Each structure stands twice: as structure tokens, then as C-alpha cells.
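K.L.:
Quick note: the sequence shown uses numbering that gives the first Met the number 0, first residue 0, plus one each step.
The set of hints was computed from the structure by calculation and includes no laboratory data.
Keep in mind the model is a prediction, meaning the values are calculated, not measured.
Where a beta carbon is used, it is the ideal one built from N, C-alpha and C, also for glycine.
Some hints here could point you the wrong way.
What follows is a list of derived Cβ distance ranges for each label pair [as the list claims (entries may be wrong)]: (1) Thr174 / Gly79: 42 to 52 Å; (2) Asn88 / Glu152: 10 to 20 Å; (3) Lys95 / Met144: 36 to 46 Å; (4) Glu172 / Glu56: 43 to 53 Å; (5) Asp120 / Glu152: 34 to 44 Å; (6) Gln164 / Lys95: 41 to 51 Å; (7) Thr116 / Pro178: 37 to 47 Å; (8) Cys162 / Thr11: 42 to 52 Å; (9) Gly149 / Ser33: 24 to 34 Å.
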Amino acid sequence: MKEDVFPLTMNTWIRDRLVDGDGGRLDVNRHVMSVYLMPLRTYYLGTNERWLGEPEEVVQGFFADRLARGDFFAEWERSGMRLRRWLVNAFCFYLKELRRRKYRDGRAGEMADDPLTFSGDPERAVDRAFVVSVVQQALETARLMCNDTGLGEHWSVFEQHYCRQMSYAEIAEQTGYKPDRAAVMARTAARKFRATLRDLLERDAVHGDVDSEIASLLEICNDL
0 MKEDVFPLTM NTWIRDRLVD GDGGRLDVNR HVMSVYLMPL RTYYLGTNER
50 WLGEPEEVVQ GFFADRLARG DFFAEWERSG MRLRRWLVNA FCFYLKELRR
100 RKYRDGRAGE MADDPLTFSG DPERAVDRAF VVSVVQQALE TARLMCNDTG
150 LGEHWSVFEQ HYCRQMSYAE IAEQTGYKPD RAAVMARTAA RKFRATLRDL
200 LERDAVHGDV DSEIASLLEI CNDL
């Protein structure tokens, strides 16, 4: 019997995609690249390794290297870490490897032996960037979902009320919907957004830890 390299304790969405063959692995890789580009870029810009290259190029190089490894996500699951913490740790090793390569090529100079340092609190910086990135992803995914299910107008009302801070009376003047109807439409779209946001957070959290993850991220939101 073939060994199950993706244990049942692994995040359900990631597990389901990974056991679905190459197509599922591409889904996981796309998710990681879309959500974690901003946090890793933020981390990189806070380090003393900024001389290694342009932020997007360095992060994309990391993705190309690590996401191609067949056991990368199984190793993450065994670590028991949140995905963004695991990615930052792996990124640190990648930066050291990149620095050694530049040193061998004669492009590192005296900085080749300097330890990797970060200006400020790296976890806080990564968490803040993660919040922004995951909310942007959730908004876009929920918007497309609403459009695809005939709830495009509901999403428009949601954006007017929650994103543009318009009252339901103001929305009623613009759209012709009665205020109470606009409120129902906004709440319907808001449920789609919250469900999408929770799904994205579950992909990052340690198995069964999504509620504490949401609570900790809400604390971060208060500081944004």
C-alpha cells in the first residue's frame, strides 16, 4: 500500500488539493504565491539581505525553488507551524543559499559572512502584511463568487456600505433599493466574504486552530 504522505491532521483544503494530483498541486502553489508574496516581500525588505536582488524576483525565485519540492507541504505539516511561519523560515534558508551562491560567484564581498538580521519585529511585520494580503484575496474571491451566482448587485451594495462607508439611506438614493432591502443585500454578500476569509485563514492555520488564528489577526487589525 502506498504511504499517505499527507496526514489527516493536515489542513483539509491543502490535503484535498495535494492528493488530487498535479492539478491540485498547482492550485496549492497558486494559492501560496498569491497570498504570501506580500508577507515574504515585507519580510525581505526588513532584512539586511536586500542587496541580494529585487524583492519580487527574490520571492518568486524562492517559490520556484521550494514549491517544486514534492515533500515541501508534508514537511510543513510535520512542523506544526502556521503556514506563513513555515514559509518565512524556509525563506530565511533560501536567502542564505542565495547569498552563498553570490559569494561563490564573487558578487557578495564582505557581506557574505554577515548574519541575517531584521529591522523591527519580523513576526509582527509579516502578520500585518498577511492580514492585508488575505483580506484582499478574500474580497476578490467573494466578489467573483457573487458575480457568478447572480449576486453582483448584492456585492455592489456590500462595497458601498462596508468599503465606502455609505449609509443604507445613501445607497437607497443611488440604487433605488429601499434601505432595509439594501441592508439584507449587504449582509448576504458579507456572509460570502466572511466564509471566504475563514476558508483562506484555515489554509494557513495549524489544524483546528482557525478560531485562535482569527482572534490573533483581529488584534493585528486594530493596529493597522
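K.L.:
Does each hint fit the structure? Answer for all of them.
P.N.:
Hint by hint, here is what the structure shows:
1. A hinted range of 42 to 52 Å for the beta carbons of Thr174 and Gly79 is consistent with their spacing of about 49 Å.
2. For the hinted restraint 10 to 20 Å between Asn88 and Glu152, the CB-CB distance of approximately 45 Å leaves it violated.
3. A hinted range of 36 to 46 Å for the beta carbons of Lys95 and Met144 is consistent with their spacing of about 41 Å.
4. Separation of Glu172 from Glu56 is about 48 Å and conforms to the stated range, judged on CB atoms against 43 to 53 Å.
5. Take Asp120 and Glu152: their Cβ atoms lie about 43 Å apart, and the range 34 to 44 Å holds.
6. Checked against the hint of 41 to 51 Å, the C-beta distance between Gln164 and Lys95 comes to roughly 46 Å, which is consistent with it.
7. Taking the beta carbon of each, Thr116 and Pro178 are about 54 Å apart, not inside 37 to 47 Å as hinted.
8. Distance hint check: the CB atoms of Cys162 and Thr11 are about 30 Å apart, inconsistent with the given range 42 to 52 Å.
9. For Gly149 and Ser33, the hinted distance range of 24 to 34 Å is satisfied, since their beta carbons lie about 26 Å from each other.
Violated hints, listed in ascending order, are 2, 7, 8; each of the other numbered hints is respected by the structure.
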